[in-house]
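Protein chains: 2
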Amino acid sequence: MDALELIDVYWRAANYLSVGQIYLLDNPLLTEPLRPEHIKPRLLGHWGTTPGLNFCFVHLNRIIRERDQDMIYIAGPGHGGPAAVAHAWLEGSYTEKYPEITQDAEGMRRLFRQFSFPGGIPSHVAPETPGSIHEGGELGYALAHAYGAAFDNPDLVVACVIGDGEAETGPLAASWHSNKFLDRSSDGVVLPILHLNGYKIANPTVLARIPEEELVKLMEGYGYRPHIVSGDDPAVMHALMAETLDTVFDQISEFKYGSADRLPMIILRTPKGWTGPAIVDGVPVEGTWRAHQVPLAAVRDNDEHRAMLEEWMRSYRPNELFDPEGRPVAAITETVPEGPRRMSANPHANGGELLRPLSLPDFRDYAVEVKEPAAAHSEPTRVLGGFLRDVIAANPVDFRLMGPDETASNRLSAVFEVTDRAWHAETLPTDENLSSDGRVMEVLSEHLCQGWLEAYLLTGRHGLFNSYEAFIHIVDAMFNQHAKWLQASKKIPWRRPVASLNYLLSSHVWRQDHNGFTHQDPGFLDVVVNKKAEVVRVYLPPDANTLLSVADHCLRSRDYVNVIVAGKQPVLDLFTMDEAVAHCTRGLGIIDWASNDEGAEPDVVLACAGDVPTLETLAAAALLREHLPELKVRVVNIVDLMRLQPPSEHPHGMSDDQFDALFTTDKPIIFNFHGYPWLIHRLTYRRTGHGNLHVRGYKEEGTTTTPFDMAMLNDIDRYHLVMDVIDRVPELGERAAHLRQRMVDARLRARAHTREHGEDLPEVRDWTWTPHADTP
Amino acid sequence: MDALELIDVYWRAANYLSVGQIYLLDNPLLTEPLRPEHIKPRLLGHWGTTPGLNFCFVHLNRIIRERDQDMIYIAGPGHGGPAAVAHAWLEGSYTEKYPEITQDAEGMRRLFRQFSFPGGIPSHVAPETPGSIHEGGELGYALAHAYGAAFDNPDLVVACVIGDGEAETGPLAASWHSNKFLDRSSDGVVLPILHLNGYKIANPTVLARIPEEELVKLMEGYGYRPHIVSGDDPAVMHALMAETLDTVFDQISEFKYGSADRLPMIILRTPKGWTGPAIVDGVPVEGTWRAHQVPLAAVRDNDEHRAMLEEWMRSYRPNELFDPEGRPVAAITETVPEGPRRMSANPHANGGELLRPLSLPDFRDYAVEVKEPAAAHSEPTRVLGGFLRDVIAANPVDFRLMGPDETASNRLSAVFEVTDRAWHAETLPTDENLSSDGRVMEVLSEHLCQGWLEAYLLTGRHGLFNSYEAFIHIVDAMFNQHAKWLQASKKIPWRRPVASLNYLLSSHVWRQDHNGFTHQDPGFLDVVVNKKAEVVRVYLPPDANTLLSVADHCLRSRDYVNVIVAGKQPVLDLFTMDEAVAHCTRGLGIIDWASNDEGAEPDVVLACAGDVPTLETLAAAALLREHLPELKVRVVNIVDLMRLQPPSEHPHGMSDDQFDALFTTDKPIIFNFHGYPWLIHRLTYRRTGHGNLHVRGYKEEGTTTTPFDMAMLNDIDRYHLVMDVIDRVPELGERAAHLRQRMVDARLRARAHTREHGEDLPEVRDWTWTPHADTP
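As given, the protein sequences belong to chains L and E, one line each in that order.
Numbers 1 to 776, taken from this note's numbering, label the letters of the first sequence in order.
Numbers 1 to 776, taken from this note's numbering, label the letters of the second sequence in order.
Do not take every clue at face value.
Because identical chains cannot be distinguished in the list, a pair is counted as satisfied if it fits within a single copy or across any two copies.
Unchecked claim - As a list, the in silico DSS-like pairs of lysine-lysine whose alpha-carbon atoms are at most 27 Å apart:
1. K532 to K699
2. K699 to K491
3. K490 to K699
To be clear, the hints were calculated from the coordinates, so they are not data collected in a lab.
Using the sequences and the hints given, assemble the complete structure.
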């Protein structure tokens, strides 16, 4: 057989296996006529996109063999699960990963049965699918993932099939411009294959229905060299695709060697449900939206449909594809790539196999000196920037810092001492810190930052995403999908652990006073904690040294999503580095110097989580110590939010005994929290003392004002905390009542000063509070 | 003065007023040299984008006057607040809305002082800004908003300035293709002005740095006719922009009259911080990223900077712009458009002024007949589809149904009896239900659906967005911004109420068994309830008639975000229409026929919210009635989730007395919830009986399986609920222990059957449970 005939054999085999997965419980080789009991009771799966995906797989396989090309495959049309599974089975890697799914008739039967079947595998390309780093459940992220995989893999080609449905999404539309961030020598190459089969679910797609001239301009406008492969005759299309791929890979070489500035892409136009039933029940199916899911819907009960299914499957001539034992014929097994060159077995698609631990400098070396607590100030993220600078320097090819143009704004600028922002487009003399191989990726798209980083991690590298806290909600849905991927991967033995996805949320709710209401939203934490406890971690370090300790811990961790919330504005240095390590290791603890319960049972517990709430709590404690010294106050700071949950709910959760010992079972607890107050209730509602817990936090009161005014608007300020304590300890008597009135007055005075002068009173300004400077 | 000179006067005035807002507390007309006390203590605001926005404003004003064009303006670069405010003040509408900000020196002083000042106005274009429907706090949505405003406003032009930073976002990148959904006769026109000033915050932008030939192709590829206006000499640029706009509006006329197929757009390339300080402290500022915020940062303390500011402001020649009393000169006031033609006073930008109540058919006419409860089944969204069909028919120009190609999947297909999907691109013979003026907007981008609908509502129309529940997280951030807009608008007397943003979330977590884990996420509700109680409402109607009642209520409401979660699969009909109305009006209530407490105190309360959890709860109650008849069970169903909160937290909240009477204060409450269980704890933690509350819900256990298996995986199934009851009523004795074991066995049997046969057992399959058919 010539090369194109071999390609067609493989393609027919993959198509046959795909249809079998969607329909059959048994009789995989059609050794007898199909009977109702051979058919699945629930037909779940999507045929429409599948033959096109199979077409790309086999043609890319030829290139891999001929050019010994390192390549992985991203199937954007996520419902194409049957294609990716069929491919892995034909390449043998499915059986390597799942030995019970043998490469024979019995294995084929099991392969068919398990697909989209209870106890089996999902209908999408998923973590269970060998060779994949991309789950297609939610659409939009294929091309961003492809680029993330290509960064710092100079010999890799990432073939990325983009469905024309997915191409309508925002994240995908933005992803085309990722080529401006790709370095020709240190990065690999992405080959986008825009697969136009014409329809999304029930509708035509935009890119399939605009004039071809416009589509070509669009791709050229995105900076690619488009090649069109269009048709429906398999023989013609095989020749055209092969020829096009030869050209495309020549152009990729030209790009890599610097003789071309633009990378190629392919526009592949084939019928939806190609090679499936043309007409069913009198209406056209192949080439229409009706081919999206199962072209024949009543196969179990309708004899005619069942006969059509059999005819359809036999049209692939299974006897030419599999031997009588159900093994793929030599024309298949001898032409697939070998070992790790198989796209279904490429180690880049199981990144944990390639993962090397980061070479981390000792974070203690970056500590700020703390001679006494709460006496000096640091900008935590600026301190962290020094550590990150050296992380980048020590790991020049497998660590990236992502952010939507906020790295400097978030005060991580020290990193620019050793690297630049990745930038492959034009530069001007006034530009700073741009170069084609910069380690910092800045694009004004949280979707791209997230998508790039996800794939960078899943292919075995490390990174951190820094963002304004409020706008990280833009990627809520992407976070959800990544957390689900991690959770599913943990149950798959052959998926090796990957580096955690680390978020640094700065410019947070309490210091967006200048940008106002739209920039104030601490609710990402609520989204995060809804995911499985085994994959999510939330940290709220209150000062520079605790931030360093937390960041080091997160960079060493595997298979988590770590969310760190830390401010960029000056806050008090509270912990020496040794204390910080101890505090972060415990996850929470009493701040002795701010407490006066001296080991005994306190009258009230002031708890706090988050930098600004902690400062206000410390200030409140100081006021109470000074003015109501007989009141025994305990200050508890929480760094690791998950410690608040019971151990049954989260592995970091602390026992009820520990909780009761820290927070008491019967004393008022005033909890000053960084985010929405309900989150604390949600984490603690099972605790004995929960009825005494009163939480302050952000309650959607915001505007353009001053920092302290923001705190007051939401009642997290020191004065209001003192009032809260007094209101909950009724036995305090007249002195307390007098102090309470002074607090009310102090708030009014602070508010009036702000309205009059446009700035905070000196004693509260810029959070430069010290323990004895704020007597009202 | 000729037209271009008049334009320059206005532009200089707007620029002067913009700089004044950013810097000055006093001395607005520079009647004396600037002193430190004239300068704001905190300099907040963004100069970079502002002169470009002012340039567009004044040039569009000329067109409005010359062509009597109805036009509104969307300022994508949201930090351009000073420009929009300056414009409104010059047009007189600012003073109309805020009489204390007079059009004279004292008003100008107040205008300057209030900008980005405590107690004043935000630094962004915001609800407080006359003439705006678009808040620029979070970037990405300008162009989608522009199209949403243009739909069904055939005489309107929506000028939309898109910053080149924002252009990097996914939602913006997708929005360009909105032109495929615009009808030339029944819709208005969007004029995109891509404003390339070269930088986002600290970085160059992609579109400013690709070759111009590529940029032009990109815009042509998006289906526009691009026109380039590029330069930095104001006189040359005025002439070029005026000439270009004449051409552009001629082309818009050609499009409207059918002699052109493509609409124009403008690429405007001007220096960032145009006309501001060129060099500051020895480094270039104008035309660089340093001009992004305040070009002169130390004006209060640095004499040189202050002198430069004064020189800069005087460069606009204020004495030619304002008379000695500070009033704009006649060259300005006589050349701005008149009345509602002013973009700052156009009623489309205060949509409540134009809002007409929907003409709604009587939803009771669509009721399913319920002769006895729980005896027959309906598909709730299919029933709703009939109602929506007639809503669309009765409101042909001001109601739209949005969705990411899921209208049919969500079983609302009845709407296609009276309308089509909007589609302006090519159609093929096999297509169905496409036409250029369809009322159904389907694009595979939740961002576009949301953005279009937001602006459609803010310009005074109505609509509903239907989506798969899991993927609505894609627009979490957009929801946040819209909720904040509504909340801010409620405090602004001149902002008239607009129609609520209605979400219908279907294909929900409990019926994504076939699509698997990635399609299962009920967490949008958690995001929603974080916003202010005054703007959010959440409804979980358990059957078809309650869905109709809820939908009618939502479509009549104003200024809310309403979230309705309702399934498309068959569920039991529980309520006659009269009962449904009563139940929905109360928001929650006892289901008498499922309870056997007969008005007395029950032994246990089974609470439920959501269609599938309600069915499982009813089945559990039936099992308990049959097998443990001595146990007094009360079944409470919750439709309006906000009823659970205290009245202090939400206007729909019920009193503690009511709550205690329904749920008891001391009996076990087993609450079967649609979403994440913690949400119920969060809403009820202050209630007396909260300690007895045990919530079942989705706990991130999902896969591809059967519906009942999904319920079992998360312990919300009938059998587990019975076990939960038995575990919490220890005095039940041996019969209960025996029943409990039967429940355990029933679960194992159901699981085994599913794994073996790929479908649910008949007695639980397809939720077609009836009260006496499920004895285990």
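Evaluation of the provided hints:
For the homomeric pair K532 and K699, the shortest alpha-carbon distances inside one copy (26 Å) and between copies (8 Å) are both at most 27 Å. In this assembly of identical chains, the alpha carbons of K699 and K491 lie at most 27 Å apart only when taken from different copies (17 Å versus 39 Å within one copy). Proximity of K490 to K699 under the C-alpha cut-off of 27 Å is restricted to the inter-copy arrangement: shortest distance 17 Å between copies versus 36 Å within a copy.
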